[in-house]
Amino acid sequence: MAVLVYLESEDNKFKKTAYEALSYGKALADKMNVKVSGVVFNCTDSDSLKKYGADKIITINDTDFEEFSSKKYSHALSQVIKSENSSDVILSSSANSKFIGAHLSGIMDTSFVSNVIDLPESINPFVVKRTCFTNKAFSSTEMISDLRIIGVSSNSFGLIENMNDASVETFNVEKVESNQRILKIEKETGSVTIADADVVVSAGRGLKGPENWEMIETLADTLGAATACSKPVSDMGWRPHSEHVGQTGKPVSSNLYIAIGISGAIQHLAGINSSKVKVVINNDPEAPFFKAADYGVVGDAFEVVPALIEKLKAR
Amino acid sequence: MNILVCISNVPDTTSKINFVENDSKFDSNGVQYIINPNDEFGLTKAVWMKESNGANVTVLTVGELSAETILRKCLAIGADKAIRIDCEASDAYSVAKEIEAHCQTINYDLIICGRESIDYNGGLVPGLLAGFLDYNFVTNCVSLEINNTKATCAREISGGTEISECEIPLVIGSQKGLVEESDLIIPNMRGIMMARQKPLEVIQAKNINAKIKDKKFHKPEAKSEVKLVKPDELDKLIDYLENEAKVI
Ligand SMILES: Cc1cc2nc3c(=O)[nH]c(=O)nc-3n(C[C@H](O)[C@H](O)[C@H](O)COP(=O)(O)OP(=O)(O)OC[C@H]3O[C@@H](n4cnc5c(N)ncnc54)[C@H](O)[C@@H]3O)c2cc1C
Ligand SMILES: Nc1ncnc2c1ncn2[C@@H]1O[C@H](COP(=O)(O)O)[C@@H](O)[C@H]1O
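Residue numbers (this note's numbering), protein chains in the order written: chain A, 7 to 321; chain B, 345 to 592.
FYI, nobody ran anything at the bench for these hints, they're computed from the structure.
Be aware that a few hints might be false.
[Claimed, not checked] To be clear about the criterion: a stretch of chain B counts as covered by chain A if any three or more of its residues have a C-beta under 8 Å from a C-beta of chain A, and this derived list gives those stretches:
| no. | segment |
| --- | --- |
| 1 | 357–363 |
| 2 | 451–464 |
| 3 | 501–513 |
| 4 | 549–558 |
We put the CB at the ideal spot given by N, CA and C, even for glycine.
Assemble the whole structure, with the sequences as input and the hints as a guide.
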């Protein structure tokens, strides 16, 4: 028995979600009294992993994994799982990790639980806590299989430093064929993405028109935040669809979510319920969002936001 | 081309979420069920493919009798045939196994699932199916083009889009973008009438054991009251965020 963590990287750097998955894996391994290993594809920055408690780092260095392929990555992981005799595999909730999680559980014919927010309540039976019903409820879920795949929800467990002098091993993968190939990746440059952001600044129809988003972007820049919006705003083309947050859009699980000129409809809240701290700025004290928020300012966004930017900059 | 669209029957987005039987079961009392929104985008796409190149569209749900209402709606939207695998959908694993068993009897070139369902939000069934069947797989799919046996797909990734190419058979996880919301087909009278003539087949389930079980549901604790800050006291807000919530 051992815990295995998939450590996602990009441009030779680990993502913050990878460190969070490793922090979770280490805590789980301690609870079960077993060792924790991390699997790394083509990333040489393994020293940074020692901080989060890995006992062993397994590196797969192969040009075959230069571009992401759910099938190739899943098959490679399945080989590591077998060779390590892993009992539990930890993944983050990034788009690619969720992609792999589902695929891998199909290949390994085993159980996968995503959106997990805490360490298991008990190991025998193995019961984890996850969110469900678009974050309107939690479930204590029992996993009934020898191999368990666990997807940890972003920002729910946090980073826990735990210095450990991990050994580093390379692993040779038996390759699988795939006729799937990437033609092109189009990235929006320079901006923080909603999925990776610790802070998200989001605005709604209360902003009146796309020309008023400059202050939202400035506020986001000041906080190192990603920008987001409500559904009508993206429907009307004021902002790109990729910013649409909510039940039918993207889920957000940031540490801080600032909602400006958003009423707080149930479908919007469904997407942000798992964010830790919510701040609302709205000129209507009756806006439902105030019931879901931790902090609120009843005021005109066009006055409050510029003043807030000034104060944050002066800090 | 043979297309299968997997449909999940989910509580309407505004439903009150409550639990019964000692918090072990979702309370469906008074809840209206709808086609999972992510599946509806996929279904519209499938109907378009039928209209443009004569694909055959089957919709399938794993569920009890009550799920037939939404299957009829799918037929009214334009699917040719509906299948219900008769059992209570207990977890993604057993649902995917039931669908896999059906896919062993009929060859589908394209299997469309939603990216995730809005009830249990697992995002599991499409990946499990692709893994079981060893089909190609693209989730978070925002565009799809099939020429002969070659599929070109776009997938939403963190901060952008990835375009890839592969051979069918293929499983996709569909979401908004595959078609736009304004493009969703709303059944008209003729569609509803025609749906009555279309086949709705009920298949016996294999009754596969679940691998995960919801033991107990909890609702979030009642939130403490919002702390209001006056517009001319924003220093206080910054202080809260810095020192109380410790998020900036
Ligand atoms: C099936 C379904 C799915 C949906 N999915 C989503 C989803 O995923 N995401 C989503 O966001 N919505 C979704 N919706 C829509 C949702 O119900 C709401 O209509 C939407 O969230 C409202 O957007 P809004 O808050 O920006 O606009 P509004 O409801 O118009 O609210 C604007 C707010 O701005 C405030 N305001 C106005 N002027 C100012 C000012 N000067 N300063 C400060 N505040 C101001 C107003 O008081 C008001 O509260 C969905 C709806 C349905 C039916
Ligand atoms: N009971 C079911 N019957 C048929 N398809 C399902 C069922 N449950 C889930 N699916 C499909 O799998 C997708 C993802 O569901 P989930 O894994 O539950 O998030 C859904 O959008 C459906 O396309």
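Check: Hint by hint, which ones does this structure get wrong, listed from lowest number up?
Finding: Going through the list in order, the structure violates no hint and respects every one.
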